[in-house]
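> If you read the sequences in order, they're chains A and B.
For what it's worth, my numbering labels the leading residue of the first sequence as 5, then goes sequentially.
For what it's worth, my numbering labels the leading residue of the second sequence as 5, then goes sequentially.
It should be emphasised that the hints constitute simulated quantities derived from the structure, not laboratory data.
What you are looking at is a predicted structure, and each value in this text was computed from that prediction instead of being measured.
Accuracy of the hints is not assured; some may be wrong.
[Stated by the list, open to error] Keeping only pairs whose Cα atoms sit at most 35 Å apart, straight-line, the calculated DSBU-like set for lysine-lysine is:
1) Lys228/A with Lys9/A
2) Lys123/A with Lys123/B
3) Lys244/B with Lys123/B
4) Lys244/A with Lys9/B
5) Lys123/B with Lys9/A
6) Lys48/A with Lys48/B
7) Lys244/A with Lys228/A
8) Lys123/B with Lys48/A
9) Lys228/A with Lys123/A
10) Lys9/A with Lys123/A
11) Lys48/A with Lys9/A
12) Lys244/B with Lys228/A
13) Lys228/A with Lys48/B
14) Lys228/B with Lys123/B
15) Lys9/A with Lys244/B
16) Lys48/B with Lys228/B
17) Lys9/A with Lys228/B
18) Lys9/B with Lys228/B
19) Lys48/A with Lys228/A
20) Lys244/B with Lys228/B
21) Lys244/A with Lys123/B
22) Lys48/B with Lys9/B
Protein chains: 2
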Amino acid sequence: MIHGKTTLIPHIGYPTESFKAPMIYNPWFERQGIDAAVIPMGIKPDDYATVFPALFRMTNIRGALITMPHKVATVELVDELTPAARIAGACNAVLRRDDGTLVGDQFDGEGFVRGIRRKGCRLEGARAIVSGSGGVGSAIAASLAAAGVAELALFDARETAARALAQRLAAHYPALRVSIGSADPAGFDVVVNATPLGMQPADPLPFDVARIAPGAMVGEVVMKQEYTPLLQAALARGCKVQVGADMLFEMIPPYLEFFGYGTATPDALREVAQLRY
Amino acid sequence: MIHGKTTLIPHIGYPTESFKAPMIYNPWFERQGIDAAVIPMGIKPDDYATVFPALFRMTNIRGALITMPHKVATVELVDELTPAARIAGACNAVLRRDDGTLVGDQFDGEGFVRGIRRKGCRLEGARAIVSGSGGVGSAIAASLAAAGVAELALFDARETAARALAQRLAAHYPALRVSIGSADPAGFDVVVNATPLGMQPADPLPFDVARIAPGAMVGEVVMKQEYTPLLQAALARGCKVQVGADMLFEMIPPYLEFFGYGTATPDALREVAQLRY
Numbered sequence: 005m006i007h008g009k010t011t012l013i014p015h016i017g018y019p020t021e022s023f024k025a026p027m028i029y030n031p032w033f034e035r036q037g038i039d040a041a042v043i044p045m046g047i048k049p050d051d052y053a054t055v056f057p058a059l060f061r062m063t064n065i066r067g068a069l070i071t072m073p074h075k076v077a078t079v080e081l082v083d084e085l086t087p088a089a090r091i092a093g094a095c096n097a098v099l100r101r102d103d104g105t106l107v108g109d110q111f112d113g114e115g116f117v118r119g120i121r122r123k124g125c126r127l128e129g130a131r132a133i134v135s136g137s138g139g140v141g142s143a144i145a146a147s148l149a150a151a152g153v154a155e156l157a158l159f160d161a162r163e164t165a166a167r168a169l170a171q172r173l174a175a176h177y178p179a180l181r182v183s184i185g186s187a188d189p190a191g192f193d194v195v196v197n198a199t200p201l202g203m204q205p206a207d208p209l210p211f212d213v214a215r216i217a218p219g220a221m222v223g224e225v226v227m228k229q230e231y232t233p234l235l236q237a238a239l240a241r242g243c244k245v246q247v248g249a250d251m252l253f254e255m256i257p258p259y260l261e262f263f264g265y266g267t268a269t270p271d272a273l274r275e276v277a278q279l280r281y
Numbered sequence: 005m006i007h008g009k010t011t012l013i014p015h016i017g018y019p020t021e022s023f024k025a026p027m028i029y030n031p032w033f034e035r036q037g038i039d040a041a042v043i044p045m046g047i048k049p050d051d052y053a054t055v056f057p058a059l060f061r062m063t064n065i066r067g068a069l070i071t072m073p074h075k076v077a078t079v080e081l082v083d084e085l086t087p088a089a090r091i092a093g094a095c096n097a098v099l100r101r102d103d104g105t106l107v108g109d110q111f112d113g114e115g116f117v118r119g120i121r122r123k124g125c126r127l128e129g130a131r132a133i134v135s136g137s138g139g140v141g142s143a144i145a146a147s148l149a150a151a152g153v154a155e156l157a158l159f160d161a162r163e164t165a166a167r168a169l170a171q172r173l174a175a176h177y178p179a180l181r182v183s184i185g186s187a188d189p190a191g192f193d194v195v196v197n198a199t200p201l202g203m204q205p206a207d208p209l210p211f212d213v214a215r216i217a218p219g220a221m222v223g224e225v226v227m228k229q230e231y232t233p234l235l236q237a238a239l240a241r242g243c244k245v246q247v248g249a250d251m252l253f254e255m256i257p258p259y260l261e262f263f264g265y266g267t268a269t270p271d272a273l274r275e276v277a278q279l280r281y
């Protein structure tokens, strides 16, 4: 129940219709007796640079969750970035400190990696391919690199985005083998869709599933439905899969810690969540 | 349960701690199956002129409730004013039309007048005194004038505020007798506190209650407690009283109509409200 003393955590993106976070955080806050609420706030890209700083003038907010399409733009709007956000070139979390300064962090990649590790995926020395070099793709690539993969293939229809990410990764992980320009998943242990493909029924698959090795881990960021066409095809081929919502649940514990609201396990969060696909 | 398709109605003021509206509107919306939520948003006066327009760039809001200390400043920030808002010199409601323009309205006065009428108070030809010529006091004075009172005494420690209100009233109601400069309630049928006096335990009473006529209607805008010291003293003197929350409940039906969410009766709203004094 929201009242005048409730601390708001805006969930900023556009459009807001498919947002899931309020249905996870808010029941959790209620169960834990934490007087806070995640509130969707839609901002169009053209308005973002002016509306974002204005929102942080509100007296009753602690920070914000940032989602598409604003994760990359947020980097320029905060006072300080954590290393994870700097390497990813994207923020999905902003905290307002007591002195009013804003610090940006990034938990997409950590959520993704925690999730596939929990499913038994060994990342040290592995070969991974990530399609999509936007905010979430960059974050996942950065976290895969930090987790010790040996090789990372990046694909994005906008080749400059893939190249820029490759350069940031090379600067931080000189031993990592990074390639760009191909979406062929053959031979990779970890195959990641970090594009919006799968949001619309008519979307093509982001990978040629017939070329994914059976036994590979196929992960997804799209949460429009639990098992996207990519994941359905990957399961049929004998792959392990990670649904989009797993990344979401796995990144909430670090978010809670970041905002100073204790922590949680993904299972406990899942138990209280009221999600509808 | 707030989710990505929920329409927000920011409740804008500062500080937000004593806001009551979310605990009335939100249970009502839930019971009626209206997918909307009133969300407190605190904005300091110095930030208001920049943050207010930014909030209305959010894609998932329909309008806003405006409360202290921003009701007067809002007049300059909207594209259009209803007659009630123009005479009051204050807005407590803003609607964003489909074309993006903002229209400001004012329901404080209507709520106050509906409430005392429901208690049997006859206003045609009556004598009324209103202490406080800020946003809410101006609105109540305007609605009392519209309701047909014959005489209106205005008092405000800032005499220029009372004088400006008197001039606006005189322009719209040439037959109305308006006076300023005295807080003496002797001889008045309707006695209204529209100042913040009563918010703090050490506050003096806004009127010398010993000079209020027994049988007069004494109304209050302070909602810090149900029966403020003024109302307790007025009851002891044999006056009829109206508590601050009555004005709040009586103004919600016109608010709901303004936002396009049907209507309600004050009793039905009261039944679902989860208010704590």
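> Hints numbered earlier in the text: which of these fail when held up against the supplied structure?
2, 8, 10, 12, 13 and 21
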